[in-house]
Amino acid sequence: NAGVMQNPRHLVRRRGQEARLRCSPMKGHSHVYWYRQLPEEGLKFMVYLQKENIIDESGMPKERFSAEFPKEGPSILRIQQVVRGDSAAYFCASSPGDTQYFGPGTRLTVL
Amino acid sequence: GIQVEQSPPDLILQEGANSTLRCNFSDSVNNLQWFHQNPWGQLINLFYIPSGTKQNGRLSATTVATERYSLLYISSSQTTDSGVYFCAVEAGTASKLTFGTGTRLQVTL
Chain B
1 NAGVMQNPRH LVRRRGQEAR LRCSPMKGHS HVYWYRQLPE EGLKFMVYLQ KENIIDESGM
61 PKERFSAEFP KEGPSILRIQ QVVRGDSAAY FCASSPGDTQ YFGPGTRLTV L
Chain V
1 GIQVEQSPPD LILQEGANST LRCNFSDSVN NLQWFHQNPW GQLINLFYIP SGTKQNGRLS
61 ATTVATERYS LLYISSSQTT DSGVYFCAVE AGTASKLTFG TGTRLQVTL
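Keeping their order, the protein sequence lines are chains B and V.
Position one of the first sequence corresponds to residue 1 (our numbering), numbered consecutively onward.
Position one of the second sequence corresponds to residue 1 (our numbering), numbered consecutively onward.
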């Protein structure tokens, strides 16, 4: 059973560009979570999704950030008009309902 | 929201030594997980332990939910144990994990 997959692993964007981060959950998992880790800090919750529904987006910035988990395909975290402060590691986790399993993360660098 | 504190913040051990990491949380929890973030940044699941005691090789964990703390024991430490150890909890009706501040462990030869 393959683990949680994220791509790309590294992403470089210039200020003002868009970043799209993808997450494929483990087989059979219907819950997906996105977390952000700033340098030298712990992970902070951003959003929780189930298929086609956003359940909790209380940790997501109100502007420029959006997330989806369509019926088919991976979950996408989209950041529009990136700024230097968006540079961080973005982790996706999936769960069958209790334990959360984390992907390898996408390291976003904004120049 | 719930507060999660870990101690010590930093720990340096010689290979072969034992250690105990602590996680305190400020409210009742439904879920508690321990993770190891290795020097390459990958988060590795160690334990799902909302209560009780579990063991996996040289690692074991105990959560005393009524007293709102969890302990992670590392025995006979190895250099590959180096990294940051995070405790994370899920509280109330929220399904999200709240992470602690982490313990940075360095194991030397």
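Each hint should be verified, as a subset may be incorrect.
To be clear about the criterion: a stretch of chain B counts as covered by chain V if any three or more of its residues have a C-beta under 8 Å from a C-beta of chain V, and this derived list gives those stretches [said to hold, decoys possible]: (1) 44-52; (2) 55-65; (3) 98-111.
Please keep in mind that the hints were generated in silico from the structure rather than gathered at the bench.
Note that CB positions come from ideal geometry on N, CA and C, so glycine has one too.
Do the hints match the structure? See the list:
Coverage of the region 44-52 of chain B by chain V holds in this model, with 3 residues showing a Cβ closer than 8 Å to a Cβ of that chain against a need of three. Coverage of the region 55-65 of chain B by chain V holds. Counting CB-CB distances below 8 Å, 4 residues qualify, and the rule asks for three or more. Residues of the region 98-111 of chain B lying with their CB closer than 8 Å to a CB of chain V number 8, which satisfies the three-residue condition for coverage.
Violated hints: none; the structure is consistent with every hint.
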